[in-house]
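*Asks:* Each chain, letter by letter, is given below.
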Amino acid sequence: MTTTRRFLPVLTVLILGTVSAHAQATRTYVSGVGDDANPCSRTAPCKTFAGAISKTSTGGEINVLDPGGFGAVTITKAISIFNDGVGEAGVLVAGTNGIVVAAGPADVVNLRGLVFNGLGSGLSGVQFNSGGVLNVENCRIMNFNGQTSSAGISFQPNSSSQLNVTNTILTANGQSAGTGGGILIQPRSGGGVTAVINQVSLLNNSAGGITVDGTVAGANASNVAIANTVASDNGGDGVLANSNGTAVNVTADTVTASYNVTAGIVAQGAGAAVKLTRSTATGNPLGISATSGATLASYSNNNINGNTTDGSPSTTIAAK
Amino acid sequence: MTNTRYFLSGLLVPALAALFASSANAQATRTWVSGVGDDVNPCSRTAPCKTFAGAISKTSAGGEIDALDPGGFGAVTITKAISIFDDGVGEAGVLVSGTNGIVVAAGSADVVNLRGLIIDGVGTGLAGVSFISGATLNIENSRIMNFNGNTAAGGIAFKPSAASQLHVTNTIISNNGLSGGTFGGILIQPQSGGEATAVLNQVTVENNLGTGIRIDSTVAGALGNNVTITNSVSSGNTGMGIQVITASGVANAVMVDTVTSANNTTFGVRSQVAGSNVTLTRSTVTGNATGIGESGGATLASYGNNNVSGNGTDGSPSTVLTAK
Numbered sequence: 038m039t040t041t042r043r044f045l046p047v048l049t050v051l052i053l054g055t056v057s058a059h060a061q062a063t064r065t066y067v068s069g070v071g072d073d074a075n076p077c078s079r080t081a082p083c084k085t086f087a088g089a090i091s092k093t094s095t096g097g098e099i100n101v102l103d104p105g106g107f108g109a110v111t112i113t114k115a116i117s118i119f120n121d122g123v124g125e126a127g128v129l130v131a132g133t134n135g136i137v138v139a140a141g142p143a144d145v146v147n148l149r150g151l152v153f154n155g156l157g158s159g160l161s162g163v164q165f166n167s168g169g170v171l172n173v174e175n176c177r178i179m180n181f182n183g184q185t186s187s188a189g190i191s192f193q194p195n196s197s198s199q200l201n202v203t204n205t206i207l208t209a210n211g212q213s214a215g216t217g218g219g220i221l222i223q224p225r226s227g228g229g230v231t232a233v234i235n236q237v238s239l240l241n242n243s244a245g246g247i248t249v250d251g252t253v254a255g256a257n258a259s260n261v262a263i264a265n266t267v268a269s270d271n272g273g274d275g276v277l278a279n280s281n282g283t284a285v286n287v288t289a290d291t292v293t294a295s296y297n298v299t300a301g302i303v304a305q306g307a308g309a310a311v312k313l314t315r316s317t318a319t320g321n322p323l324g325i326s327a328t329s330g331a332t333l334a335s336y337s338n339n340n341i342n343g344n345t346t347d348g349s350p351s352t353t354i355a356a357k
Numbered sequence: 002m003t004n005t006r007y008f009l010s011g012l013l014v015p016a017l018a019a020l021f022a023s024s025a026n027a028q029a030t031r032t033w034v035s036g037v038g039d040d041v042n043p044c045s046r047t048a049p050c051k052t053f054a055g056a057i058s059k060t061s062a063g064g065e066i067d068a069l070d071p072g073g074f075g076a077v078t079i080t081k082a083i084s085i086f087d088d089g090v091g092e093a094g095v096l097v098s099g100t101n102g103i104v105v106a107a108g109s110a111d112v113v114n115l116r117g118l119i120i121d122g123v124g125t126g127l128a129g130v131s132f133i134s135g136a137t138l139n140i141e142n143s144r145i146m147n148f149n150g151n152t153a154a155g156g157i158a159f160k161p162s163a164a165s166q167l168h169v170t171n172t173i174i175s176n177n178g179l180s181g182g183t184f185g186g187i188l189i190q191p192q193s194g195g196e197a198t199a200v201l202n203q204v205t206v207e208n209n210l211g212t213g214i215r216i217d218s219t220v221a222g223a224l225g226n227n228v229t230i231t232n233s234v235s236s237g238n239t240g241m242g243i244q245v246i247t248a249s250g251v252a253n254a255v256m257v258d259t260v261t262s263a264n265n266t267t268f269g270v271r272s273q274v275a276g277s278n279v280t281l282t283r284s285t286v287t288g289n290a291t292g293i294g295e296s297g298g299a300t301l302a303s304y305g306n307n308n309v310s311g312n313g314t315d316g317s318p319s320t321v322l323t324a325k
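In order, the protein sequence lines correspond to chains A and B.
Position in the first sequence counted from 1, then plus 37, gives you my numbering.
Position in the second sequence counted from 1, then plus 1, gives you my numbering.
If we strip away everything but chain B, and leave its shape as in the complex, we get (with noise of 0.2 angstroms):
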């Protein structure tokens, strides 16, 4: 009997280590969600999945997970290279309360694409995306909304840790953060370590509770940011539009190019502390308490082309840059 159990148990592992194989030969370069499938399927075109988080498993590494006809997919961490696509096939949505919707810690070297989804976090949802490592992360054609769960709540939470870069295009984040919280639509904070360059197109943050977009340094050992905003708006967010600012001397250059920052609480655009600078050219900023400014020996260049007015107080650029 002994000799029988031990000599099943024996069987067991091959059998079980055959299991393994067969699930990592198993996954596909290609994986399918349906809003009617089963996560105990392989995710195949006819036999869909029913989650994001039950396909990624079965997707591999630079693959991608389609959105077969509406649903709501859930929330997912990213470890890996994925794309998680949407192509206008209906909602493809991530909703959750009280945690963050899509999680990226993903190898320094691996892009991240989500496209197409719309990512709700019914007032008590942490972050709409939280990004902690990886190479790069694009986000287009998606609405990121009602992530308000605590003061550091907000709609992209963009934490990298190394060099890491952000791609925001066609999206629109609204009614995120907390009031008095640190954030509200998009907080791009490099934590020790890390730098980040990114980039916002077609962007519209509205009407969240705390900053429209926040560029921060100030996390002891962040390396900087390099980001340029174009075509895009902030308006009507309890904060700040656009809020700029380091601890002295690291290193924060922003372009705003292009942009609307409109009937904000505060500030339109504010570049904050030594080592801040933000370029403003083809811009308007209106209907803010304050229009523009900068403050703690930070720069906000202008080229002359801004329309600034019908804020409660302007402001003035404090350097003008010329055309070439």
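This is chain A alone, in the form it adopts within the complex (with noise of 0.2 angstroms):
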């Protein structure tokens, strides 16, 4: 009797936990109409990310079935979350982030075709703390305005991480004179990001449209290339790499920055080098500058006039 007692529960805990783990599906649903306390299945599908991410097994993928509001989520594993063009894949909240990933240091993480709106109250439309990789694409990004940090997207990992985002519009987003604005790079402690942005339209952010920061405390490099992009009438820079001594190498490549409230492209303290190519800044109060020990390098084929102080590049490299 003693035996068995001690057997059971033992036996019930294992048979649990492999259902559970059997559970978990390499590919779920989501839909509008759908049901948390469903299996996340094409034919009884879930109604939030949120439901669906802990059915979906690691590498896996939450699909939206139909067009919907799917709420906050969480970010814990390696997963891809798709709107491949069904319609409005909607993650819209108040006051907080809308997706968040703490995912583990080799974590793949995939958002494609979302939707996010903070409602002028949201901290950050995506907001990664860590992760190995973070791949944004054909998403919209807007109303992130909580606090002064608030962006549409934050991208602060405290490991070397790597962050892409394509053909992605973000809008209204950070608070005037804020840290953020529209994707805001700044590793933390033991953190350094590559990053690349290709066909991005940051337009009307309230704080700057693309900040690298590498400033942070035991913050390692960051190596950030930018092409086929607009940064326009955002309230700070257009482009800034801002740094203290670490190294913060940002390349833009046919980028226009123009009428945006301070600067079009800037490089700024020491470590911070910017790589200036086939790009336009124009309508700015200052088009572009290099300032304390930084260093903004031209192929000289960039178009800088039509600003009320153009600038200058510090130094020009020859093209090859």
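Just so you know, these hints were derived from the structure itself, not from any lab.
This structure is a prediction, so every number in the text was calculated from the model and none was measured.
Among chain B residues calculated to face chain A with C-beta under 7 angstroms, some are:
(1) T30
(2) G63
(3) E65
(4) L69
(5) F86
(6) D88
(7) G89
(8) T170
(9) T198
(10) N202
(11) N227
(12) T229
(13) D258
(14) T282
(15) K325
Beta carbons: idealized from backbone N, C-alpha and C, even for Gly.
Using the hints, put the two chains back together into the complex; each one sits in its own frame.
*Replies:* So this is what it looks like as structure tokens:
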């Protein structure tokens, strides 16, 4: 009897554990009329991303079956959340982050086709704290203005992490004179960044368009390539590389920075190095600038005119 | 009897007040429209509305109206911050005859976003999007066509009376305007006290009757325009591809960067009247009656990297800038 008593609970735990693990699917579905009590299958979809993620195996996909508001979610493992053109896949939040990524150092997270709306009080659309790689594509992120560091995408890793943003529009994020804005890349202690921002529009954000900031104590290098991107009508700088000694390398290729409230493209502080090619800065109070020991190197093929002060590169590079 | 009447009407007033209160409370941050919806519904996911006009009063300021499935959702006048989004669910149509498609008459701090809409004037519509007031209008992934109702008809008429922003991204504007009219595709024309800042990116403006893109500071009291056009095409229009015109002295600063202006009936890119300053870079101007030109003391500056050939008369920039 004593033996049986001890044996049964162990068996029960084992069985439950096994069932729960098996219940995770490599592909799950959410629907605007789903129910999180469902298994998130194609025929019995879930209602929210948060409800689906626990039923999705590591490395699997959560797919959007039809339009809906699918709510905030915190991601702690490798996962893909995909809406491939089925209609609005919304994450609408007030006072909080939209999607938080707090995953393992080798985890890849993919976000595709999502619309984030912070309703003015949201903190950040995507808040990345840890993970291996974050890919954001075909998304729309707006109205995250809840705090001074609010941004459309706030990428603040604590280890070596990659960010790739493609074909995404970010508008009206951040606070006036805030540290965020459209995209904030700001490695924390022990964190380093490799990022590519391609075909992205940063419009009418209240702080900067794209800010790459290496000033947090213990941060490692950031290497960021920006291409085919427009940063206009933002409340701070269109593109800012900011450092106090840590390497912050930003290449801006085919970037338009216009009508930003402070400057177009800026390298600020020792360690900040911007390379500028085939880009345009116009209609800003200051077009391009390198200050406080930073460098802004040009391939001599940029269009810098129509700013109150156009500015000049600190050095030039010969194309090969 | 009289007493009862007074009593009843006395009851009615609080009852009405309660109705209005619940109506205000009923505004949602996200509402839905469906091709098979009904405007008596609350515009929820499971009980969607039928039209944008029906949904907007049930949507809170700063919220979203989302298309649930394909449909024709009708004309709407926007007077607050709002987003009307179709993110690829199929046609989200605004099909009108004789009127404007979407009118934006919002407050001075309001941001309005339009995404994924097909706005069709079926030959008699006035303007696809008529902007009168608001802080910022963002239009993306949309298609605007067939607004030909009068000589002031066109695709987007942006006419602010304060400092306002227009951003158009990944949008096609075709077959708008009326021959001999003041514009065809996009008109940016601030009114008295108005100043426009605009970015047109990945925009195709084609086969409009009249001018493709007209940037105009000629209205008395207008404070000017700052416009960037990039990665865009203006072609096959019966007027100019891009026209920048001002009344003497009012600033029109226009950057034309990586733009193709082809096969337009008159000019490819024209800068008119002192105060108009156009910068042309990495662009191609071909197949127009005249390629590029400035007049009346305006400037048309080139970075010396444009392809201007194959026009009846190619023309020349008024000045050449050095890249940095």
